[in-house]
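Participant: Heads up, the sequence shown is in our numbering, so the first residue is 56 and it goes up one at a time.
Treat the hints as calculated values from the structure; they're not laboratory data.
Do not take every clue at face value.
Said to hold, decoys possible - DEER-style ranges, computed between Cβ atoms:
1) Leu96 - Ala128: 31 to 37 Å
2) Asp133 - Pro73: 25 to 31 Å
3) Gly94 - Arg183: 23 to 29 Å
4) Gln143 - Ala74: 16 to 22 Å
5) Pro184 - Asp95: 28 to 34 Å
6) Pro168 - Gly107: 38 to 44 Å
7) Ala145 - Asp93: 17 to 23 Å
8) Ala66 - Asp118: 17 to 23 Å
Virtual Cβ for every residue (Gly too), placed ideally from N, Cα, C.
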Amino acid sequence: MTTPPPTVWPAFRATDAPALVRWLVDVLGFTETLVVRDGDLVAHAELAWPPGGGVMLGSVRDDGDWPARTAGAYVVTDDVETVWARVQAAGADVLRPLQSPPYGGQEFTVRDPEGNSWSVGSYRGAPRP
Numbered sequence: 056m057t058t059p060p061p062t063v064w065p066a067f068r069a070t071d072a073p074a075l076v077r078w079l080v081d082v083l084g085f086t087e088t089l090v091v092r093d094g095d096l097v098a099h100a101e102l103a104w105p106p107g108g109g110v111m112l113g114s115v116r117d118d119g120d121w122p123a124r125t126a127g128a129y130v131v132t133d134d135v136e137t138v139w140a141r142v143q144a145a146g147a148d149v150l151r152p153l154q155s156p157p158y159g160g161q162e163f164t165v166r167d168p169e170g171n172s173w174s175v176g177s178y179r180g181a182p183r184p
């Protein structure tokens, strides 16, 4: 079955976008879909989350009106423990260790090199009417 393309993209600006791309791929397990370079900068990057969805990011530019700020995202996977093991092996900055919250599932939260928070969990959200 083909996964439909995402229709909502969390987007980030990074002071070191190439390093953020590598971290998201190597530590959390995103896959590179597209990375458009502009010299040492990333003009545009799209990273896919294997179960579906993705993020976009690019480098902060001196002439831009979108400065780097911290943000957070929650990414869903059925294999939280595998991602958790990869995060631990990478020595990532853990904000909340693997736990089972009262609303269900398992999850943890880490901080990327740019200061953004990434929660990874199995909770898919409340059922929609």
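Participant: Run every hint past the structure and note whether it holds.
Facilitator: Each hint, compared with the structure:
1. Leu96 - Ala128: 31 to 37 Å: About 22 Å separates the Cβ atoms of Leu96 and Ala128, which means 31 to 37 Å is violated.
2. Asp133 - Pro73: 25 to 31 Å: Because 30 Å falls inside the window, the suggested range holds.
3. Gly94 - Arg183: 23 to 29 Å: Violated: the Cβ-Cβ distance is about 44 Å, outside 23 to 29 Å.
4. Gln143 - Ala74: 16 to 22 Å: Given range 16 to 22 Å: holds, Cβ gap about 20 Å.
5. Pro184 - Asp95: 28 to 34 Å: Taking Cβ atoms as reference, Pro184 and Asp95 lie about 48 Å apart, which means the hint is violated.
6. Pro168 - Gly107: 38 to 44 Å: For Gly107 against Pro168, whose Cβ atoms are near 25 Å apart, the range 38 to 44 Å is violated.
7. Ala145 - Asp93: 17 to 23 Å: At roughly 28 Å between Cβ atoms, Asp93 and Ala145 fall outside 17 to 23 Å, so the hint is violated.
8. Ala66 - Asp118: 17 to 23 Å: 18 Å, holds
Consistency note: the structure conflicts with the earlier hints numbered 1, 3, 5, 6, 7.
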